[in-house]
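Chain residues, written in single-letter form:
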Amino acid sequence: GNSVTQMEGPVTLSEEAFLTINCTYTATGYPSLFWYVQYPGEGLQLLLKATKADDKGSNKGFEATYRKETTSFHLEKGSVQVSDSAVYFCALSDGSKLTFGKGITLSVRP
Amino acid sequence: DGGITQSPKYLFRKEGQNVTLSCEQNLNHDAMYWYRQDPGQGLRLIYYSQIVNDFQKGDIAEGYSVSREKKESFPLTVTSAQKNPTAFYLCASSIDEGTIGTQYFGPGTRLLVL
Numbered sequence: 001g002n003s004v005t006q007m008e009g010p011v012t013l014s015e016e017a018f019l020t021i022n023c024t025y026t027a028t029g030y031p032s033l034f035w036y037v038q039y040p041g042e043g044l045q046l047l048l049k050a051t052k053a054d055d056k057g058s059n060k061g062f063e064a065t066y067r068k069e070t071t072s073f074h075l076e077k078g079s080v081q082v083s084d085s086a087v088y089f090c091a092l093s094d095g096s097k098l099t100f101g102k103g104i105t106l107s108v109r110p
Numbered sequence: 001d002g003g004i005t006q007s008p009k010y011l012f013r014k015e016g017q018n019v020t021l022s023c024e025q026n027l028n029h030d031a032m033y034w035y036r037q038d039p040g041q042g043l044r045l046i047y048y049s050q051i052v053n054d055f056q057k058g059d060i061a062e063g064y065s066v067s068r069e070k071k072e073s074f075p076l077t078v079t080s081a082q083k084n085p086t087a088f089y090l091c092a093s094s095i096d097e098g099t100i101g102t103q104y105f106g107p108g109t110r111l112l113v114l
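The listed protein sequences correspond, in order, to chains V and G. Each residue of the first sequence is one higher than the one before, counting from 1 in the numbering used here. Each residue of the second sequence is one higher than the one before, counting from 1 in the numbering used here.
No lab work stands behind these hints: they were computed from the structure. Some hints here could point you the wrong way.
[Claimed, not checked] Derived contacts from chain G toward chain V, CB cut-off under 7 Å, selection only: (1) Ala81; (2) Ile100; (3) Phe105; (4) Gly108.
[Stated by the list, open to error] Once the Cα atoms are required to be at most 30 Å apart in a straight line, the calculated DSS-like pairs of lysine-lysine come out as: (5) Lys57/G / Lys52/V; (6) Lys102/V / Lys83/G; (7) Lys60/V / Lys70/G; (8) Lys97/V / Lys70/G; (9) Lys9/G / Lys102/V; (10) Lys83/G / Lys52/V; (11) Lys9/G / Lys97/V; (12) Lys68/V / Lys102/V; (13) Lys102/V / Lys57/G; (14) Lys71/G / Lys57/G; (15) Lys97/V / Lys83/G; (16) Lys49/V / Lys83/G; (17) Lys49/V / Lys57/G; (18) Lys97/V / Lys57/G; (19) Lys56/V / Lys77/V; (20) Lys9/G / Lys57/G; (21) Lys9/G / Lys83/G; (22) Lys52/V / Lys97/V.
Just so it is clear, the structure is predicted and the values come from calculations on it, not from any experiment. Ideal placement from N, C-alpha and C gives every residue a C-beta, glycine not left out.
Chain G on its own, in the form it takes in the complex:
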């Protein structure tokens, strides 16, 4: 079955630590996205990538970094500079930038701070 996988389901971060959230898709989609979901705030775009080896900042990129070395993978690193990282993180993909409205989402990773 094609889809998006995210791991781990839960992740704990210690003060000053960088953590990396995994996102893999086997849909052969060109575009991939990272969102942050906080209660009552909807989804906010962190980073997106329309093609391998290229990515752009979204609305709340500060304290985060990404890479896109392979088409199927788009890992997100939450750095120690992100002072309020506790949230639900969702990865998504679309066929290409032209179908940006039709996105397929992974099951999410919940990040908690110890």
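Looking at chain V on its own, in the form it has when it is part of the complex:
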């Protein structure tokens, strides 16, 4: 079956640091890939997505590139802010179901 693996957390960074959160996947066919974010006490929000290989999704300064050769979709941001503190989930869709990774908590200190 499909699966999504995220790097172990939590991650703590200082404001303006560079962020990378790793995500790899296992799937048959050509899934679409997503990053969702969950702020404290809230539901999830779609952050960005990519639907085919080599596509780059971007939003709010975050970027992720769909790499089929390495089955990866790593999330990056050049300069994090305190307001980016949240839980980040990588996910894939094969058209029938959305499969989530376990999520990683990011804390950004001033």
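For this one, chain V is given, so just place chain G on it according to the hints.
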């Protein structure tokens, strides 16, 4: 404003009791979903519905039941058969089954066992 509402925010269940979690959307979406979130485990799909009067089991449906009598409503009942119900429950919707990857989430209900 369009969105998804879930109520209550916190819910307490006594031993042997059934409880129902509410989920309402005014986005005019066809598909709706229920997830369970446990610490360190991500989200797991309980039930989903692609159209009114139809729904399917997800990965962890045992001990839960749903109904979809109206397009905008998808209530989840946690029955007494669910032996470990303490979790954060999230309802979501998507335009239709073709846009299953782009889901809109409610704020969640935290269920606690007394």
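Right, here's what the structure says about each hint:
| no. | hint | in the structure |
| --- | --- | --- |
| 1 | Ala81 | violated (24 Å) |
| 2 | Ile100 | holds (5 Å) |
| 3 | Phe105 | holds (3 Å) |
| 4 | Gly108 | holds (5 Å) |
| 5 | Lys57/G / Lys52/V | holds (28 Å) |
| 6 | Lys102/V / Lys83/G | holds (22 Å) |
| 7 | Lys60/V / Lys70/G | violated (35 Å) |
| 8 | Lys97/V / Lys70/G | holds (22 Å) |
| 9 | Lys9/G / Lys102/V | holds (23 Å) |
| 10 | Lys83/G / Lys52/V | violated (41 Å) |
| 11 | Lys9/G / Lys97/V | holds (26 Å) |
| 12 | Lys68/V / Lys102/V | holds (21 Å) |
| 13 | Lys102/V / Lys57/G | holds (21 Å) |
| 14 | Lys71/G / Lys57/G | holds (18 Å) |
| 15 | Lys97/V / Lys83/G | holds (26 Å) |
| 16 | Lys49/V / Lys83/G | violated (36 Å) |
| 17 | Lys49/V / Lys57/G | holds (26 Å) |
| 18 | Lys97/V / Lys57/G | holds (12 Å) |
| 19 | Lys56/V / Lys77/V | holds (13 Å) |
| 20 | Lys9/G / Lys57/G | holds (24 Å) |
| 21 | Lys9/G / Lys83/G | holds (21 Å) |
| 22 | Lys52/V / Lys97/V | holds (17 Å) |
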